[in-house]
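Novice: Going line by line, the protein sequences match chains A and B.
Position one of the first sequence corresponds to residue -1 (this note's numbering), numbered consecutively onward.
Position one of the second sequence corresponds to residue 7 (this note's numbering), numbered consecutively onward.
These are computed hints drawn from the structure, not numbers from a lab.
Since the model is a prediction, treat every value here as computed from it, not as a measurement.
Yeah, the Cβ is synthetic: ideal placement off N, Cα and C, and Gly gets one too.
It cannot be assumed that every hint is accurate.
Take a look, some chain A residues computed to stay more than 10 Å from chain B by CB distance [said to hold, decoys possible]:
(1) I5
(2) F24
(3) Y35
(4) G39
(5) E42
(6) V53
(7) P123
(8) F127
(9) Y141
(10) L160
(11) V166
(12) L173
(13) A174
Computed Cβ-Cβ distance ranges for the label pairs, DEER-style [unchecked claim]:
(14) A:I200 with B:R118: 48 to 54 Å
(15) B:K119 with A:M(-1): 28 to 34 Å
(16) A:T188 with B:L108: 53 to 59 Å
(17) B:Q110 with A:T188: 54 to 60 Å
(18) B:L108 with A:I149: 24 to 30 Å
(19) A:T188 with B:G63: 23 to 29 Å
(20) B:S69 with A:G176: 25 to 31 Å
A short list of chain A residues far from chain B (calculated; beta carbon distances all over 12 Å) [stated by the list, open to error]:
(21) I15
(22) L19
(23) A20
(24) V96
(25) T113
(26) S150
(27) N155
(28) L156
(29) A157
(30) S159
(31) V164
(32) G176
(33) I200
(34) I205
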Amino acid sequence: MRRTVTILLLVIVALGISLSLAKIPFGVPKSKVGKHYINEGVKETGATNIVTSVVVNYRGFDTLGEVTVLFIAAIGLGAVLAASGREKMRKTEPASLVLYTGCRILFPLILVFGTYIFIHGHLTPGGGFQGGAIIASGFLLIYLGCRERRISRVAFNLAESLGGLVFVIIGLLGLAFGGYFLLNFLPKGTANTLFSAGIIPIIYIAIGFKVGSELAGIIDNLIEES
Amino acid sequence: MSFLNNYIYYIGAFGLILIGLYIILVKHNLIKVIIGLGILDTGVNLFLISVGYITKGTAPIFSKPGIDSEHMVDPVPQALVLTAIVIGVAVLALALSLAIRLYQHYGTLNLRKIREQRW
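Chain B with its partners taken away, still in its complex shape:
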């Protein structure tokens, strides 16, 4: 039980990463592959945040004078994830635009059928 208590965030994060990898490797529909990419992205962000967490931690913001700095969580992974989320959105949009062009060119989103076709 204490094992679950200690590692539940890691297990969740890597569960998401493995689910995303499985979708990317197995599915044939391009939209589903892009959804898998999004899930993988979320898992990586969750893992980074949970590495920086401290038990009973607070946000690293000195909003009032004399606030206790002992229990603040690590700010470095939060700063990384902050930018990674926005970039993840942009990369997803780029992947979707490529999917739109592929559909216009081949008339299908099935990766196996696209591979069979010759233009």
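Just chain A, with the same shape it has in the complex:
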């Protein structure tokens, strides 16, 4: 009964969607905003990766909101799981020598790769969100491979708070110097060099620290519970 009603509902939804989608052509340029960002983006922001200039500069306030959503999700997860309040000591099987050594060799390499991704976010594909996810995957490797090793939660919280603080303070500095929030007040430099694009690399490094520590904290909380 429930299944047939659901399938009927989905068929109606699919019909409505396909009627409206038939009017959207595929593969042709649609938005003037995107064209403007591509044509003027390098001149206006100094970043050669246009996606980065949209995320951090043109829609930086939007990104601040998204980072806040991520923060609230991480806080909520910590609150839900911490409510149990029991500290049980689990017996963990020590990992074999091969696994342990492999984790210890790979972990710094993954950290360096993630840092490279978010420092070069304004030049190459990548950025703070992607680099943060890679760094969190390094911590996941440590938790899976060397289970008796714990990374202190204070360090995670510190990195997370510092990242958010740097983002907001740079936005407020823009307000103080030029009159609006997240103004690109630093010199833009020459395009395609590491020290260019003003505040974009600084904000992306802050986002990288924040996302990396938040995702690693989520992994830490979930592993603690399992």
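Following the hints, position chain B against chain A.
Specialist: Leaving out everything else, chain B in the frame of chain A:
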């Protein structure tokens, strides 16, 4: 055939969205509902990306001087999806943590049985 050629990405994306909706509406196991949420999320991301695509398009990155800007894809949906993926992961983790607490409280993940119980 040209219809399939033109709309295959839209069909795939909305196929994923409809599959996710079906799982969320029909299944009783909470873990399966969360998996449906993940599939729905993927479908929405795929749809946004395919709206911004341009035939034979390249990534909107000026890595070399003098690169052609005519065939670059729309950067705005890519910027949206970039953040949406990370937030999707966080929301999935939050849903899983709620599922863990529900299991500790009720001893089951079946939504129908949870509804029958009174604490």
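Novice: The structure should be examined with respect to each hint, and the outcome stated for every one.
Specialist: Do the hints match the structure? See the list:
1. I5: Per Cβ check, I5 of chain A is inside 10 Å of chain B; nearest 8 Å; violated.
2. F24: Violated, since 5 Å does not exceed 10 Å.
3. Y35: Check fails; 5 Å does not lie beyond 10 Å.
4. G39: violated, 8 Å
5. E42: holds, 13 Å
6. V53: Violated, because the least Cβ-Cβ distance between V53 of chain A and chain B comes to about 5 Å, which does not exceed 10 Å.
7. P123: Answer for P123 of chain A: violated, closest chain B Cβ roughly 7 Å.
8. F127: Contrary to the label, F127 of chain A does not stay out of reach of chain B, its closest Cβ about 5 Å off (not over 10 Å).
9. Y141: Per Cβ check, Y141 of chain A is outside 10 Å of chain B; nearest 14 Å; holds.
10. L160: holds, 19 Å
11. V166: holds, 17 Å
12. L173: holds, 23 Å
13. A174: Non-interface label stands for A174 of chain A: nearest chain B Cβ at 27 Å, farther than 10 Å.
14. A:I200 with B:R118: 48 to 54 Å: Holds, at about 52 Å.
15. B:K119 with A:M(-1): 28 to 34 Å: Given range 28 to 34 Å: violated, Cβ gap about 19 Å.
16. A:T188 with B:L108: 53 to 59 Å: Given range 53 to 59 Å: holds, Cβ gap about 56 Å.
17. B:Q110 with A:T188: 54 to 60 Å: holds, 58 Å
18. B:L108 with A:I149: 24 to 30 Å: Cβ of L108 of chain B to Cβ of I149 of chain A: about 28 Å, so the range 24 to 30 Å holds.
19. A:T188 with B:G63: 23 to 29 Å: holds, 27 Å
20. B:S69 with A:G176: 25 to 31 Å: holds, 29 Å
21. I15: I15 of chain A not clear of chain B: closest Cβ-Cβ about 6 Å, inside 12 Å.
22. L19: About 5 Å separates L19 of chain A from the closest Cβ of chain B, which leaves it inside 12 Å; violated.
23. A20: violated, 8 Å
24. V96: Correct as stated: the minimum Cβ-Cβ distance to chain B is 30 Å, above 12 Å.
25. T113: holds, 17 Å
26. S150: It holds; S150 of chain A is separated from chain B by about 20 Å at its closest Cβ, greater than 12 Å.
27. N155: The claim stands: N155 of chain A keeps its Cβ more than 12 Å from every Cβ of chain B (closest is about 16 Å).
28. L156: Holds, because the least Cβ-Cβ distance between L156 of chain A and chain B comes to about 20 Å, which exceeds 12 Å.
29. A157: Given a closest Cβ separation of 16 Å, the condition holds.
30. S159: holds, 17 Å
31. V164: Given a closest Cβ separation of 18 Å, the condition holds.
32. G176: holds, 23 Å
33. I200: Holds: least Cβ distance 18 Å, greater than 12 Å.
34. I205: violated, 10 Å
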